[in-house]
Amino acid sequence: MTGPGATASPPAAGPPLLEARGLTKHFPVHQGLRSARGRRRERGAGPAAAGRPVVHALEDVSIALLPARVTAVVGESGSGKSTLARVLARLLPPTSGELLLDGRVMPASGAGRRRYARQVQLVLQDPFASLNPVHDVRYHLARPLRIHGNGESAASLDESVTSLLERVSLTPASQFAGKYPHELSGGQRQRVAVARALAVRPRVLLADEPVSMLDVSIRLGLLNLLGDLREREGIAILYITHDIASARYLADTIVVMYAGQVVESGPAQQVTDQPAHPYTRLLLSAAPDPERAGPPALQARGAPPSLVSPPAGCRFHPRCPHAMAVCAVSGPRAFEVATGHASACWLHAKDLDAAQASPIAQARPIARPAGPPAGQPASARISAPGPGPGEETR
Amino acid sequence: MSAGPRAAAQSGEPLLDVRGLCADYGAGPGAVHAVRDADLTLHRGEVLGLAGESGSGKSTLAYAITRLLRAPGIITAGSVSYRPESGQPVDLLAADEHQLRALRWSQISVVLQSAMNALNPVLSIGSQLTDVLRAHVPDMSRAGRRARAAELLAMVGISGDRLASYPHELSGGMRQRVMIAMALALQPEIVIMDEPTTALDVVTQREILQELAELRGRLGFAVLFITHDLSLLIEIADSIAVMYAGRLVERADAAALFRAPRHPYSLGLLSSFPALHGPWRHMTGIPGSPPDLRNLPAGCVFHPRCPYAMDRCRADVPPFLELDEGRGRQAACWLQDGSEPAPAELALPAPPAGRAGATGPAEPAAAPAEPAAGPAEAAAGPTEPGAAHPDQLDLPSRS
Numbered sequence: 001m002t003g004p005g006a007t008a009s010p011p012a013a014g015p016p017l018l019e020a021r022g023l024t025k026h027f028p029v030h031q032g033l034r035s036a037r038g039r040r041r042e043r044g045a046g047p048a049a050a051g052r053p054v055v056h057a058l059e060d061v062s063i064a065l066l067p068a069r070v071t072a073v074v075g076e077s078g079s080g081k082s083t084l085a086r087v088l089a090r091l092l093p094p095t096s097g098e099l100l101l102d103g104r105v106m107p108a109s110g111a112g113r114r115r116y117a118r119q120v121q122l123v124l125q126d127p128f129a130s131l132n133p134v135h136d137v138r139y140h141l142a143r144p145l146r147i148h149g150n151g152e153s154a155a156s157l158d159e160s161v162t163s164l165l166e167r168v169s170l171t172p173a174s175q176f177a178g179k180y181p182h183e184l185s186g187g188q189r190q191r192v193a194v195a196r197a198l199a200v201r202p203r204v205l206l207a208d209e210p211v212s213m214l215d216v217s218i219r220l221g222l223l224n225l226l227g228d229l230r231e232r233e234g235i236a237i238l239y240i241t242h243d244i245a246s247a248r249y250l251a252d253t254i255v256v257m258y259a260g261q262v263v264e265s266g267p268a269q270q271v272t273d274q275p276a277h278p279y280t281r282l283l284l285s286a287a288p289d290p291e292r293a294g295p296p297a298l299q300a301r302g303a304p305p306s307l308v309s310p311p312a313g314c315r316f317h318p319r320c321p322h323a324m325a326v327c328a329v330s331g332p333r334a335f336e337v338a339t340g341h342a343s344a345c346w347l348h349a350k351d352l353d354a355a356q357a358s359p360i361a362q363a364r365p366i367a368r369p370a371g372p373p374a375g376q377p378a379s380a381r382i383s384a385p386g387p388g389p390g391e392e393t394r
Numbered sequence: 001m002s003a004g005p006r007a008a009a010q011s012g013e014p015l016l017d018v019r020g021l022c023a024d025y026g027a028g029p030g031a032v033h034a035v036r037d038a039d040l041t042l043h044r045g046e047v048l049g050l051a052g053e054s055g056s057g058k059s060t061l062a063y064a065i066t067r068l069l070r071a072p073g074i075i076t077a078g079s080v081s082y083r084p085e086s087g088q089p090v091d092l093l094a095a096d097e098h099q100l101r102a103l104r105w106s107q108i109s110v111v112l113q114s115a116m117n118a119l120n121p122v123l124s125i126g127s128q129l130t131d132v133l134r135a136h137v138p139d140m141s142r143a144g145r146r147a148r149a150a151e152l153l154a155m156v157g158i159s160g161d162r163l164a165s166y167p168h169e170l171s172g173g174m175r176q177r178v179m180i181a182m183a184l185a186l187q188p189e190i191v192i193m194d195e196p197t198t199a200l201d202v203v204t205q206r207e208i209l210q211e212l213a214e215l216r217g218r219l220g221f222a223v224l225f226i227t228h229d230l231s232l233l234i235e236i237a238d239s240i241a242v243m244y245a246g247r248l249v250e251r252a253d254a255a256a257l258f259r260a261p262r263h264p265y266s267l268g269l270l271s272s273f274p275a276l277h278g279p280w281r282h283m284t285g286i287p288g289s290p291p292d293l294r295n296l297p298a299g300c301v302f303h304p305r306c307p308y309a310m311d312r313c314r315a316d317v318p319p320f321l322e323l324d325e326g327r328g329r330q331a332a333c334w335l336q337d338g339s340e341p342a343p344a345e346l347a348l349p350a351p352p353a354g355r356a357g358a359t360g361p362a363e364p365a366a367a368p369a370e371p372a373a374g375p376a377e378a379a380a381g382p383t384e385p386g387a388a389h390p391d392q393l394d395l396p397s398r399s
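Residue numbers (the numbering used here), protein chains in the order written: chain A, 1 to 394; chain B, 1 to 399.
Possibly wrong hints are sitting among the right ones.
Derived contacts from chain B toward chain A, CB cut-off under 7 Å, selection only [claimed, not checked]: (1) Glu53; (2) Ser54; (3) Thr198; (4) Val203; (5) Ser231; (6) Ile234; (7) Ser272; (8) Leu276; (9) Gly285; (10) Leu321; (11) Asp324.
Derived, one-sided and incomplete: chain B residues facing chain A with beta-carbon distance under 7 Å [to be verified]: (12) Ile286; (13) Pro304; (14) Tyr308.
Taking lysine to any residue pairs in the SDA-like style, the calculated list, with each CA pair at most 25 Å apart, reads [said to hold, decoys possible]: (15) A:Lys179 to B:Gly30; (16) A:Lys179 to A:Asn224; (17) A:Lys179 to B:Asp292; (18) A:Lys179 to A:Arg167; (19) A:Lys179 to B:Leu293.
What the hints contain is simulated information worked out from the structure, not anything from laboratory work. Cβ coordinates follow ideal geometry from the N, Cα and C atoms, glycine included.
Here chain B stands alone, though its shape is the one from the complex:
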């Protein structure tokens, strides 16, 4: 979101370590495995994006991490260790109610997708904001709580006299801002955002994201940002994990994922977003549709839709391989196990660490043949800006 925390994120120590997390809905043979063997590390001050389609398990993963998963959802395996700046690491999955209560909101807070449903319609914004403070800061005075609530609203660009308003009196964007203010009330280290801007118009979404970037620069919290919109994530996240049908399939720096995806699903997702610039190209998306979690294919879950599927993919589940190029790059694909060279479009050179857009387009020579439209997107790159986007067009000057 901003250059400072991004640089720090590379060196930041792990704040949240998820290992082998499995979450099911239901038990026994009919259980739906919503999350399988998820390994994820959130570093201090980092924005980690979690991308996936509906039903890929990204929200379930977030709920499992925060122990908010409700029945019939159950966590069946794994560990989630939270390492606060001072003090011992805490295993969130082993923590009791008392420990969780102390951690939630003060250390880890959540912003949910639908603010209309997350806010209580019969309580004013003010009483919902002060509720958090009353529970966690018992020695704060009533006036102090009101003042802090007004300060929180001002922080997200809402004037303090809105404290007496009810959720229905606010626009969608303002409600989402209230949710963000509430999540930041106790200055947590981690904010988990589950599709925080999906229901909003594109302009409002952008305003909120800019405010969020500014707040993050100031307060230095880490964000786990969950969305289906990979093109947005590439802009705002430091690193990105891609989920498909309950499994993590790739993890990389945002720029590396955009310029040089290593998993066919990431490649397909990237080529599912039409570009805002450049010459028109036919794009294909991904054939087929996401699998039914009750009836997953054997082997790699993506193989029925994968243009590169091999015999091995139909039989064996690929492990989440650590790729030898470093920087925490991982991919769960047999093409990347090193036994033979991966297809050219899945072996593009990774850009140097930095912003996705700042690295410039990949070498046009690396543009692969069809059907891999994904890296072609990278290869096509931005068009000559001067030619395609004259900045002021022909509007006459009126000063």
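If we strip away everything but chain A, and leave its shape as in the complex, we get:
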């Protein structure tokens, strides 16, 4: 068993530029004095209780970013998608696992980090916070060139700034270079943030929710810009989002994360049209869809688990309408359901015995008017798991 990480391997467009293998990131939980004393007492009780509690933000995540491909990471808040971006950008050191750039591990030295940053750049969610209000656009774009460049002259810096602004369609460039962030609209600011990331000619762009703060009517403009960068310049892009429809639009590959783990990955259209993991189906059943005929049938209920003490086995099993005995005991490995399409779910296993496959009753997280799935016996739910997302569109 290789663990839950489901590596996406679409028809190759060359070897991966940036590859993460078995990334795990734990954050220690800071506690008050009282619980610290309690912990000391526990520590005396036995070695099992000795560990300091941690948030399991990322657990054995493997992901490969290919040149000229957009990989979307989709999940709810708290699924670990932003942590993944920060670990990939080396803003956070992983607890374990390795990061390979061009198949090589970059040294952790200052020079190594700088070489890494020249190849891998991060665009953050909120352009109102990620740009410095006291500096103009020219400063923001020239600064990475000063840091990473080869001591260019002022004239060539200006030239670079102009070409950067043109690359992100902020024209006329001369007019934008002298502006301050407060003089720009949200969409223009985010374009400046993208231009700043492009300044060092990176080969990998990590975009953490780049459009979620933008107005609806200008989101597509930025998504199309990212799409152009992929096609024109062959940049490998990681697109992090909670909006699965926009991931379907922009990405070649979709990676679905839940509670710090990759649960499904595959070609974008295939993941959205034929979701294999129950969590992906839940996301799709909840997403706004004007084409949907009736009220949507949610595929599960409840909220993501605490990452301090995540559920044993599959982390989705407390919410999963198809949960079986085995799901509560051991985490599923990634099963390949189609070429390049992997899903970490025991439902795909062919070799479970009857005891392992016996359904387990669902604990409803909150008291609420019983929805139709709750009323059915668990066994009926497994054999007839209700309509897939496709059914609802009729």
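Starting from the structure of chain A, add chain B where the hints point.
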């Protein structure tokens, strides 16, 4: 939200009538006109969606209607008449503090976007819920108030023992549920919801919307639902009004707006939401960005971004025209004034009254050429469901 109230909404009498409402921030020549000449009618039992981008004035409009607009916001013109089931219509803009106090919450309540900010962090949920009852139902006993508060929580799916919890002890979704429970405490006729689910995850959002639909079916209140997410609104609203830069630009049934928009801005908004199904299409959104309200363009506020802009659009503000197809369809666009035929993508046949998705895709023949991607969305329609979405995939049966 559900079929019953929807059918009633078509025939329901007006409950709230907004006419020519204008609201500014500041006074004098530097005033920002946040809402201009808004005409809106909310019918009994209806879900009226108000869609618009940030800064379009949709929240200001909601605050103006409820007289909650705070300085420097001022209402400069218009009327808002509330017609309760029994008794005389009340002009909310002319009502005094005493009348407003009697109406607010018992007849018209509000659910705000950020429950974390709307709930008091140092008071328990229970005391905030009973506060409403104490103010409006003075003869209710202390025990009665507690019981009613527990009942309200149960109504939104939170167990009654949470009454002693403080807001920080609840998840975002639970806090928003508490806000909804509080809004329904006195069984109002109108609930105004300002981006009630925007800060929530998509699954939680859907759960709350389903609960809301169920409650509405049971209690029969009307909802003014404000959001920037038009794709969500088309699913849950009976009719939709679209706002842009302080002006209402279109009003239609949800299905009609989705299948046959009449204003170029609505069309552009519809083509800004990538579809969950169907073949991949390049989409363009709307070029440019929303205008600065301090410095609005002359004529139609949308003309600098409009692919169909004519000379007239740059000079004259289009009135909110009543379109002759009936059903309360209105659009503020010179293309629809009847002087010449509108472009094909803005003149698609409206579907018969009913749910947006149930009407089926528009005729593929009506698919317009680029750049109008909007109706193409309608024209492309859902893909053959059997082919694209096998319901159970290849999961083995395990019974």
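Problem set entry | Hints violated by the structure (listed by number, smallest first) | 3, 10, 11, 13, 14
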